[in-house]
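Residue numbers (my numbering), protein chains in the order written: chain A, 1 to 318; chain X, 1 to 651.
What the hints contain is simulated information worked out from the structure, not anything from laboratory work. Since the model is a prediction, treat every value here as computed from it, not as a measurement. Where a beta carbon is used, it is the ideal one built from N, C-alpha and C, also for glycine. Don't take each hint at face value.
To be verified - 20 Å max Cα-Cα, derived SDA-like pairs, lysine to any residue: (1) Lys313/A - Tyr471/X; (2) Lys244/X - Asn275/A; (3) Lys244/X - Thr271/A.
Stated by the list, open to error - Okay, the calculated bits of chain A under chain X, using three or more residues with CB under 8 Å as the criterion: (4) 16-27; (5) 212-219; (6) 275-287; (7) 303-316.
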Amino acid sequence: MARYIGIRLLAMIPLLFAIAVISFAIAVAMEARGSIAGSVCGEGATIECIAQVERQLGLDDPMPIRFVRWLASAATGDLGTSLTNQSVSVSSLIADRIGATLSIVAYSLVIGVAVGMAMGIVSAVRPGGVADRALSVASAALIAAPGFVLAMLLSWWLAVEWGWLSPAGYTRPSESITGWIRSITLPAIGLALPTVALVQRQLRSSMTNALQSRYVLAARARGIRRTSLIGEHALPNAMIPTVTAIGFRAAAALGLTFTVEVVFNINGMGTLLTNAIQTRNVTVLQGSMLVVGIVVLVVNLLVDISYGLLNPKVRLER
Amino acid sequence: MSDASTAVAVSAPQPVQAARARSGFWMRLFRNPLTVAAAVWVTLLLLAWLWPGLLAPHDPYAGDVTLTRTFEGPSWDHWLGTDGQGRDLYSRVVFGARFAVNSILIAMVVAIGLGVPLGLFSGWRGGRADRVVMWVNDVLFSLPIVLLAMAVIIILEPSLPSAMLGVGIAMATRFVRLTRAVTLAEKEELYVDAARITGLSPPAILRRYITPNLLPSLIVQVAIISGAVILIGATLSFLGIGAKLDDPDWGVMLARARFDFRLEGIWQIVPAGGALVLTVLAFNLLGDGIRDSLGRDAASSSLTVPRKVALPPVVQLHASGAVLSIRDLAVGFPAPGGMVNRVLSDVSLEVFPGETLGVVGESGSGKSMTMLAALGLTPAPGYLSQGSVSFDGREVTFLPEQEWQEIRGRDIGMIFQEPVAALNPALRVGRQLMQSLLVHTDMSKSQARARAAELLAEVQVPDPERRLDQYPHEFSGGMAQRVGIAMALACEPKLLIADEPTTALDVTVQGQTLDLMAEVQQRHGMAVILITHDLGVIADAADRVLVMYAGQVVETASVSTLFSRPRHPYTRALLDTMPQSHRGHGDLPVIGGVVPSAAAWPDGCRFAPRCEFATDQCRTSVPLLEAVGTDLVRCVRHAEFEFGPHAETSA
Numbered sequence: 001m002a003r004y005i006g007i008r009l010l011a012m013i014p015l016l017f018a019i020a021v022i023s024f025a026i027a028v029a030m031e032a033r034g035s036i037a038g039s040v041c042g043e044g045a046t047i048e049c050i051a052q053v054e055r056q057l058g059l060d061d062p063m064p065i066r067f068v069r070w071l072a073s074a075a076t077g078d079l080g081t082s083l084t085n086q087s088v089s090v091s092s093l094i095a096d097r098i099g100a101t102l103s104i105v106a107y108s109l110v111i112g113v114a115v116g117m118a119m120g121i122v123s124a125v126r127p128g129g130v131a132d133r134a135l136s137v138a139s140a141a142l143i144a145a146p147g148f149v150l151a152m153l154l155s156w157w158l159a160v161e162w163g164w165l166s167p168a169g170y171t172r173p174s175e176s177i178t179g180w181i182r183s184i185t186l187p188a189i190g191l192a193l194p195t196v197a198l199v200q201r202q203l204r205s206s207m208t209n210a211l212q213s214r215y216v217l218a219a220r221a222r223g224i225r226r227t228s229l230i231g232e233h234a235l236p237n238a239m240i241p242t243v244t245a246i247g248f249r250a251a252a253a254l255g256l257t258f259t260v261e262v263v264f265n266i267n268g269m270g271t272l273l274t275n276a277i278q279t280r281n282v283t284v285l286q287g288s289m290l291v292v293g294i295v296v297l298v299v300n301l302l303v304d305i306s307y308g309l310l311n312p313k314v315r316l317e318r
Numbered sequence: 001m002s003d004a005s006t007a008v009a010v011s012a013p014q015p016v017q018a019a020r021a022r023s024g025f026w027m028r029l030f031r032n033p034l035t036v037a038a039a040v041w042v043t044l045l046l047l048a049w050l051w052p053g054l055l056a057p058h059d060p061y062a063g064d065v066t067l068t069r070t071f072e073g074p075s076w077d078h079w080l081g082t083d084g085q086g087r088d089l090y091s092r093v094v095f096g097a098r099f100a101v102n103s104i105l106i107a108m109v110v111a112i113g114l115g116v117p118l119g120l121f122s123g124w125r126g127g128r129a130d131r132v133v134m135w136v137n138d139v140l141f142s143l144p145i146v147l148l149a150m151a152v153i154i155i156l157e158p159s160l161p162s163a164m165l166g167v168g169i170a171m172a173t174r175f176v177r178l179t180r181a182v183t184l185a186e187k188e189e190l191y192v193d194a195a196r197i198t199g200l201s202p203p204a205i206l207r208r209y210i211t212p213n214l215l216p217s218l219i220v221q222v223a224i225i226s227g228a229v230i231l232i233g234a235t236l237s238f239l240g241i242g243a244k245l246d247d248p249d250w251g252v253m254l255a256r257a258r259f260d261f262r263l264e265g266i267w268q269i270v271p272a273g274g275a276l277v278l279t280v281l282a283f284n285l286l287g288d289g290i291r292d293s294l295g296r297d298a299a300s301s302s303l304t305v306p307r308k309v310a311l312p313p314v315v316q317l318h319a320s321g322a323v324l325s326i327r328d329l330a331v332g333f334p335a336p337g338g339m340v341n342r343v344l345s346d347v348s349l350e351v352f353p354g355e356t357l358g359v360v361g362e363s364g365s366g367k368s369m370t371m372l373a374a375l376g377l378t379p380a381p382g383y384l385s386q387g388s389v390s391f392d393g394r395e396v397t398f399l400p401e402q403e404w405q406e407i408r409g410r411d412i413g414m415i416f417q418e419p420v421a422a423l424n425p426a427l428r429v430g431r432q433l434m435q436s437l438l439v440h441t442d443m444s445k446s447q448a449r450a451r452a453a454e455l456l457a458e459v460q461v462p463d464p465e466r467r468l469d470q471y472p473h474e475f476s477g478g479m480a481q482r483v484g485i486a487m488a489l490a491c492e493p494k495l496l497i498a499d500e501p502t503t504a505l506d507v508t509v510q511g512q513t514l515d516l517m518a519e520v521q522q523r524h525g526m527a528v529i530l531i532t533h534d535l536g537v538i539a540d541a542a543d544r545v546l547v548m549y550a551g552q553v554v555e556t557a558s559v560s561t562l563f564s565r566p567r568h569p570y571t572r573a574l575l576d577t578m579p580q581s582h583r584g585h586g587d588l589p590v591i592g593g594v595v596p597s598a599a600a601w602p603d604g605c606r607f608a609p610r611c612e613f614a615t616d617q618c619r620t621s622v623p624l625l626e627a628v629g630t631d632l633v634r635c636v637r638h639a640e641f642e643f644g645p646h647a648e649t650s651a
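The following block holds chain A by itself, in its conformation from the complex:
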């Protein structure tokens, strides 16, 4: 297993490099379309502003040198300064926002995986049964509904039915743990609902297959109880493909939190990125892209590790 994780870690290096290239290429592509400085400084651009932006981006130097310089400082955690506010570093902007985004994504995954697994198991035990059909219809509807619409409906319903206006904004866990949980619960539920559907579908299919397998038949022929057949025999095998699906969903959820953050007035990566796009603030976008890319890589690594844990063939590899 240590070797397995080691290989996965090594494999991350070229991926990291690829993400760095993509992030850096954004600025190059923008430059190719016209002056970044011009669009950042706006209509009445002063010479000082343009000079300042060009210095920040180091546009005087050839591209490979700029890339190496950008990569080298990124490696030390320095992602440059915001083009619209030179006193603020991109890293501090991201550090300020990413906590909210990650908490919502992680929380939504916990809810989504737990509920989705329960639903998937119920479906697979009796495929075509009443419960399965009801759950499959629910899943189809949830997959079609974007998380932010569900989140809006949810807070509307709570406001009308309970007169409870959802807490807007984000409370940091350092300020108050309960406040933190309160502030991210509704956004997480909104984001979790499509995850529930996805997990239900994948687990239903892989679990149905597992329950039809030879080893489950053999276990039944040994008189093994139904609960053990489902929980101990079928589930671990059915989870192997499901974990992969959860990994993809985690990456997608990272992109989709942005909307849920907007619904609940949470200052996360979503507002940071949309503002950066509207003001053509390329250093912020580059930095965010790199950081989100790294988060995705870490998620993939976690998926690979849980995949290995579930699969003894991989786990015992030496």
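Take the given structure of chain A and dock chain X to it, following the hints.
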């Protein structure tokens, strides 16, 4: 389980069949009301895209200048109410279809235009080109689509087309994967290989072989990805980096609803959100519908309990003293058109303590199905349609699953054909062995572990303590089968059913396995049912033999009678195929043809089409006839035959 379906002839699809399959496809597609509803909705969407003015009564951009009719609920004037500027929400939703369909078009042109050629290239070329393309593809695939779209948006400008360009690039990764997979699979096919050798150019091969195989999955993916594209488009518009703030785009309308997040303004969620959700749902359902119509029906789980059928109240005569007695067992499988394929009919057998009953027959003769059905393990959607099973003097035909669980594993042990497949790959062998003991006895965990080690030692697995903590993939086939035997014997059952226990094993291991079983049988005095297609094994191990063909018993006899005087032509044919009986020169004789699948069984004698002695008499159905004593044979002409003694017994 696979016995009943192995003998299906596979042939290349002919044009006529293809045409029939196609009309069958449309019928299947529109049989599902959900798919029909989805198709209707997509048609409406396309109408709204082409001629929105036809469906929308108002100008989607023109508000109420007096600003008195804002945030209205549904009314006769405004079917879905108005927004904060008094604009008609219904008309805005209809015009929103323009943005939705345009989004799909842009994204799909980009995604398919990039993805399919790249996938074809990657799959066809293979080697380094393939690795490079797939590596880049995987990097892009793993990044959130929204983020990739954002990168394109900042490079170009915030607008729906540039957003869709980004989404298209992200979605291209899906098409690369799909196209490459199909190309790789097709490239390996023999007919493609042949075409290549005969000098057909790659574009021609592409057109003739790969495109037809790619198209179905491509259409399914286009439908499902269309839904995803609309979702992401709405997400970007909602964030203010897609469609313009004034546009009647569904995402923008939702952003307005968010902006007017007072109770009166929140109503706007319903029209825009509803249109969005229904459209995505329609595309998903259409995709699912197409996929289901192309493929087979949804699988059902093996945990589904066999359907109960009302059996005629016939008094079944079970042999007294038999451990297991099966009378007139029949198993049906639902077939297309409300028909039933009876894969087993009128199967009867009994086995007594200490005795070994051999069951022989080719693949597809129903040997395994008989045993599974007798144990209440009929694989779904099959069901027991007739018959009675008694175990140890107790009627068990429709025993509830809970009571069966008490018997299976404790009183009946079963050994499977593929020893490794019968073990759960994710559980330690020791855990699986202990499970039987923990379920059926009141041993503690540590006692069960000690007993499990003992059992492994009994079946001559070296180093049992260490082996207990290993996983099935660390066992060779022979060792895994020893584990299988140990598991079946864990609770010292009265009956052991061994389903082709040696077929998957090396010849050297086969003998050891049989010896082991015989030794255990002598020690415990249990009854054994030994299923095999290998008559050599029968000659070695069985006392009595039951020959099965096409879901029926065709002959029963003691092992010496069977080898010295086979009565059924099928039995004789089986004996002739034994290498031991073949003394002459030339090829080993084979039985021509295969066991036909259940749907194709003839009305009369089922072996007649392959039988060299068949006459007109054989066209009517044949009962089991008494030959001599308790020996039975299902052949109207058996008295005429005098098949000679066989090598096995004369040697």
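Okay, the hints, checked on the actual structure:
1. Lys313/A - Tyr471/X: Measuring from Cα to Cα gives roughly 8 Å; hence the hint holds.
2. Lys244/X - Asn275/A: holds (15 Å)
3. Lys244/X - Thr271/A: Holds, because 18 Å separates the two Cα atoms, which is no more than 20 Å.
4. 16-27: Result for this restraint: holds, n = 4.
5. 212-219: holds (count 8)
6. 275-287: Coverage by chain X holds for the stretch 275-287 of chain A (6 residues, Cβ < 8 Å).
7. 303-316: holds (count 5)
Consistency with the previously given hints is maintained throughout, with no hint failing.
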